[in-house]
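**Q** Listed below, chain by chain, are the residues.
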Amino acid sequence: MRDARTNIRDALYEEPGPITKRYTAVGTAISLAALAVLAAAVVRQFYINGQLAPRYWTIFFRWTTWRFLGQGLLGTLRAAAMAGVVTFILGFILMTGRICNYRILRLIATAIIDFVRGVPTLLFIYFFFLVLPQLGIRLDAFWKVTLPVGISACGVVAEVLRSGVNAVPIGQKEAAYSLGMRETGIFLKVVFPQAIRYVIPALISELVIVVKDTTFAYVVNFPDLMQNAKVLISNYDAMLSVYLVVAVIYILINFLLNRLSDTIAKQRPRTLAAAELKGPTA
Amino acid sequence: MGVEELLSQFGGKYAQAFRMTWRLTILAFSIALVLGVAVTVLRVSPIKPLRLFGDIYVQIFRNIPGASLLIILVYAFPYLNLVWSYFTCVLIAAGLIPSAFCSEYLMSGINTIPIGQIEAARSIGMTFTQMITKVVIPQALRASVLPLTNLLVSTMLTTAIASQVPLNPQELTGLVAYINTHAVGGVTAFFISAALYCASAVVIGRIGSLIDRKVRIRR
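In the order they appear, the protein sequences are chains W and E. Using the numbering used here, you'd call the opening residue of the first sequence number 1 and step up by one each time. Using the numbering used here, you'd call the opening residue of the second sequence number 1 and step up by one each time.
For reference, chain E alone in the conformation it holds in the complex (with noise of 0.2 Å):
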């Protein structure tokens, strides 16, 4: 099939189907982020329980593959009782994932301020709060802003795990299982697909290094 004869077929699916990409990519970017953000503060509290809790938790999420705890929560929470829409359920596998890759993120940045500076904070007698907010957080920010494009990219890749659910309307990967099922999409639908993720890394890239050439301070 050719891309005309294809686009006049499918192209609304396209267009649904970008849109359904972007919208997971967002929301599960934004649980992401602030998951992320939530458990690096319980990795740096002076609370050893609480930092065990987030290193295990760090340690389930960056390393259960996507698939896997997709699958358990679409297929086998259910016999806890626990039922969610397709769609909540690819939400909460495609936020978690990234959640652990953020604290980790996160928490290299942290370690890139010198801990002179911390000791400085203090003489100058700066409170915690204080030290936390203004020096700790907003270099922590600056370090992270690459690591964490990188991650947004990842999070719509990993959204990709949609198709293996049926979800109305479909994301990109999904909507080529369904052309190819459905009628001789071939080679052309791949690629439609796949250069409608490629421009949207390409951008997302672009824009993060922007941002990062101007915040990010070299040591």
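Chain W with its partners taken away, still in its complex shape (with noise of 0.2 Å):
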């Protein structure tokens, strides 16, 4: 019997016996080979098209490709956190009208929410770049990424944010009436505080779609990491290595952000997990 069986995984299989771990061993052994094949062919496939010559590759070795880089990086980040703020600011307003007491302004925001969940961030993008600028309104680039990227996922910020207030014991909510406090400092001071704890990992998860959607900010040439490697790639004449260096960036900043979720998940054990309230994963 082993202990610790917090994994379901292992818990399908029964302890392997002599011969169970023979063939454990021999498929151990040909998956490795698969792989190593499946590599190799990889490499292969990059080796005879030439795309391993130095030139494509020694420019991650200068200074000034990082910087560049790095420039991009920033413009991606202070556009992630501004439609971030964005977002969240969205979604708590539309959140307090799904849980108000008046029925035509739940039925507004629900009608919102589901609006907002229903479209694709391209399509609010669109909106920004091509509809607005024929209503003689004139935005610039960043708030052209950032406006759009926080409107398409402030439906799931608003149903995160409803459901940590849901999650939020009625106790907390009795205890203070009877202390005399009104409904406006019972949500601000009592409930929300509480909620927000509850749903921190689903916001980060949140913010990892915020993140994936600001790469279409070379739509609107705005400066951001996707759109710095495209004038690396016109200097450098190097397509597939940067674009491959550039996708693993982002890959990291998203994987980073999810195990800082999972990791405060497990620490506080009581937080709501968003996995049925996925929003858009693109």
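Check each hint, because a few of them may be wrong.
What the hints assert, rightly or not - Partial list, derived from the structure: chain E residues whose beta carbon lies under 10 Å from chain W: (1) VAL44; (2) LEU52; (3) PHE53; (4) ILE64; (5) ILE72; (6) ALA76; (7) VAL165; (8) THR181; (9) ALA194.
Said to hold, decoys possible - Computed cross-link-like contacts, EDC-like style, restricted to lysine to aspartate or glutamate with a CA-CA straight-line distance of at most 20 Å: (10) E:LYS134 with W:ASP237; (11) E:LYS134 with W:GLU14; (12) E:LYS48 with W:GLU15; (13) E:LYS134 with E:GLU119; (14) E:LYS48 with W:GLU14; (15) E:LYS48 with W:ASP10; (16) W:LYS21 with W:ASP10; (17) W:LYS266 with E:GLU104.
Calculated directly from the structure, the hints in this document are not laboratory data. Just so we're clear, the structure is a prediction, and the values are computed from it rather than from any experiment. Built from N, CA and C at the ideal position, the CB exists for glycine as well.
With the hints in hand, could you dock these two chains into one complex?
**A** Right, here's the structure in full:
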């Protein structure tokens, strides 16, 4: 009997006997060989097409390359941070609409949430990029990224916040009422501060979606990581290597954000997972 | 431009674009399901390198931005002598990303099964295959209906990346960009596409929660 079976992956299998152990060893060897062949095939494909040539990769040993990519990354992070703020504010407003006592406000908030959750970010970006100028509204490229990205994420944020508010035990509210606090005070001082702690992991996961969506910044010519990568490519004529490195940077950022979310969720077991509230993935 | 004028001029294109969006969605979602199940099998297999491969696969495709993946497939892969049509590239990108999420949902579906059930299955003498096909998979699927419904919606939203490449006919997002660069479509052009997306999402969501209510096991 093994202890600490926290993982169903391991619970599926019994303690292996000698024969199973041998099978597993053979399977491991075969799969290692298969993965090695796969990796070799990828490297070969790079090699025979000349993509391993030093000129494509030595640019990453240059300080200027990283400074330029770093500037782009800063643009991405700036846009993502602002979009995060926008989406939190909008999400908070929608959430209060969703839980308030007036039926008509609840309906409006629900309709808006369903709308923004059902429309792709790119469509919002095109709205800000192509439609608003026709109406005579001129915005900075920064806002043409952050506003649509923020708007498209706010529906999920509203639902996440609402699930947090619902998770606060009713006794908290009752206790606050019995102290003579008012409705607004109870919500802002008792319920919401607890709700936000429940949903911090889910909010961080949502930030991943925001970071991913900011890649569309090149549509409006905002100098983010993707846009700077394009400039780098035209300077060095190194399409594949630059795009791959940039993709890895994005993957790392989002991976770390997800890790952070998981770590916080594990430290505070009473947090809520966002699994059922997951919004757009791209 | 009013709705009628816009529809008389572009109505046919909207119908085509709507069909295109759905076609991409269904195909990409099928790819996502097949790959998602396959990767999940790797991730629960007893063979460590395959598990690791599955985990890395999921981390890559759940964290890569759709635009980045599509651009690599369309513009960078030809340098590796891998040239695919725009349609294929969109389909691959819009299938790979949800496949990672699909695997995550299936994994958490598997995780909702109490370990006691596995032990019970084993104690009544079920073989490994019986246990997987009769106990684990049915329950994991039942618990995954709602997440997979959301995945179908988000796959549909992901197919909007197709607007970044010339596709013929265009899908809903590309069409809005097209109309607004060729004529003054304004807000109306945007809202027709948005309404079509939303209607699809609402219909998918309703059907999903109906199925979920029927099959989910409350614990």
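**Q** All hints are to be evaluated individually against the structure, with a verdict given for each.
**A** Verification of the hints:
no. : hint                   : in the structure
1   : VAL44                  : holds, 5 Å
2   : LEU52                  : holds, 9 Å
3   : PHE53                  : holds, 6 Å
4   : ILE64                  : holds, 5 Å
5   : ILE72                  : holds, 5 Å
6   : ALA76                  : holds, 4 Å
7   : VAL165                 : violated, 12 Å
8   : THR181                 : holds, 7 Å
9   : ALA194                 : holds, 5 Å
10  : E:LYS134 with W:ASP237 : violated, 55 Å
11  : E:LYS134 with W:GLU14  : holds, 17 Å
12  : E:LYS48 with W:GLU15   : holds, 15 Å
13  : E:LYS134 with E:GLU119 : holds, 14 Å
14  : E:LYS48 with W:GLU14   : holds, 16 Å
15  : E:LYS48 with W:ASP10   : holds, 11 Å
16  : W:LYS21 with W:ASP10   : holds, 14 Å
17  : W:LYS266 with E:GLU104 : holds, 17 Å
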